[in-house]
Every structure is written in structure tokens, then in C-alpha cells.
Amino acid sequence: AQTVTQSQPEMSVQEAETVTLSCTYDTSESNYYLFWYKQPPSRQMILVIRQEAYKQQNATENRFSVNFQKAAKSFSLKISDSQLGDTAMYFCAFMKLGGGADGLTFGKGTHLIIQP
Amino acid sequence: DAGVIQSPRHEVTEMGQEVTLRCKPISGHNSLFWYRQTMMRGLELLIYFNNNVPIDDSGMPEDRFSAKMPNASFSTLKIQPSEPRDSAVYFCASSFNPRPSGYNEQFFGPGTRLTVL
Chain A
1 AQTVTQSQPE MSVQEAETVT LSCTYDTSES NYYLFWYKQP PSRQMILVIR QEAYKQQNAT
61 ENRFSVNFQK AAKSFSLKIS DSQLGDTAMY FCAFMKLGGG ADGLTFGKGT HLIIQP
Chain B
1 DAGVIQSPRH EVTEMGQEVT LRCKPISGHN SLFWYRQTMM RGLELLIYFN NNVPIDDSGM
61 PEDRFSAKMP NASFSTLKIQ PSEPRDSAVY FCASSFNPRP SGYNEQFFGP GTRLTVL
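Protein chains in written order, with the working numbering: chain A, 1 to 116; chain B, 1 to 117.
Derived by calculation from the structure, the hints in this document are not laboratory data. Owing to the predicted nature of the structure, the values given are computational and were not obtained by experimental measurement. Glycine included, every Cβ here is placed at the ideal spot set by N, Cα and C. Take the hints with a grain of salt, since some may be wrong.
Claimed, not checked - Quick partial rundown of chain A residues pointing at chain B, CB under 8 Å, derived from the structure:
id : residue
1  : M11
2  : Y33
3  : Y54
4  : G103
5  : F106
6  : K108
7  : G109
8  : I113
With the hints as constraints, model all of the structure from the sequences given.
Written out as C-alpha cells, the structure reads:
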């Protein structure tokens, strides 16, 4: 079984600042994906970014980028030029590939607050 | 696209009552997932279907929980009898997987907030 750990229950930064959310995971799988999901107060789950474990290049999506350290089993999310609309819960998630269930294993989440 | 549809959006019931949550996946998707979100345990996978067949129900907490997918466009999650500790937000998600172990994005429904008094 795999586990996902987010050690920052809550973070608060000023608008336009850069913020990094931490995530570590534990698995014996060699083929997997990692994700960051955003959950605003509406509680809708929104995929922010994904990383394939076999790719060394870190994924980027506009202001969002990841730092994927496979050996360290670390997967952090950097949000640049933070905006008020970035205020939300952020969940790190893991999905194994290569047979078996393709469900997501989530961390407990980080509540990110962007202050005006 | 309508997205994943869940009903009801909110449900309040009394302990001991039967509760049925419903999900309509995105048309054409062949995988469906039920997740539960609580403050204590976070988001947990309950059960997963592929082509209407349950693949992994190891996350279902106990026998009071059951899930069915009678066809590709409908799934239910039933709790009987319900208990206060079942209070949570239940999410349904769907994806299209052209092969059993492939990846495609899971699209989440808006969730059902269940309160058991």
C-alpha cells in the first residue's frame, strides 16, 4: 500500500508571493502518477497538475510547477504570483499503474490562504 | 458536457435509516470511483468499477456499505443502516480508460454531503 503525507495543514501568504506546498509519499511501485488537486470552498475537486514518475522533467502548468524528487519520494507544488482565487485546500495524490485499482490515494491536504 | 452528476447534493437522515447516493458518470467513461471525505480521515477511495464491474472494494468500511453499477450510466452507494460516523462528503468520479492499467484524468462530481443525526 502507498501513503501520501502533507506536513503543512495550513499556509498563508500575501497576494503575488510565491508559495511551495510539500508532499512526500511512500510506495514500492515503480510506475505511478502524482497529482495536485485543488478544492475551493465550493468543494469541487480540480486537477491542477500531474507528473508521470518515469519523466525526469518537472511538470508545469502556467503559474503552477512541481519539484519531483523520485529518489527522495518528494513532490512539492510551487505557485508563483499567487492570486486570491488560489485560496483553497490542496491535495497531493498518488495513483499506481500496471494492474490493480487505479484509484487515487490522497494526502490530508494543505489549506492555502492568499491574503490581499 | 454535463460532467459527473451526483444526487442528492445534501442528505440529512437519522441513525438507522437507509441512505442511497446516486452518480451518473460522464457519457463514454468506463471507470467509476466512489470516494469519501471526512475531516479525520481525509479523502479515501471506497470502491472502483471498470466497465461496470467492481474491481477493488477494499476501501468499503464495513458491510453496511454497498455499491452497484447496473449499467454504464448509473451507480449507487447505499448505506444501511446509517450511523452518525458515516457523516461525510461522498464524491463520485469517472474516467475513460482504454486499457485496464492506463491513465486518464478522473473527473469528480460535486459531491453529496451526508449528515446522519
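We went through each hint and held it up to the structure:
no. : hint : verdict
1   : M11  : violated, 17 Å
2   : Y33  : holds, 6 Å
3   : Y54  : violated, 12 Å
4   : G103 : holds, 4 Å
5   : F106 : holds, 4 Å
6   : K108 : holds, 4 Å
7   : G109 : holds, 6 Å
8   : I113 : violated, 18 Å
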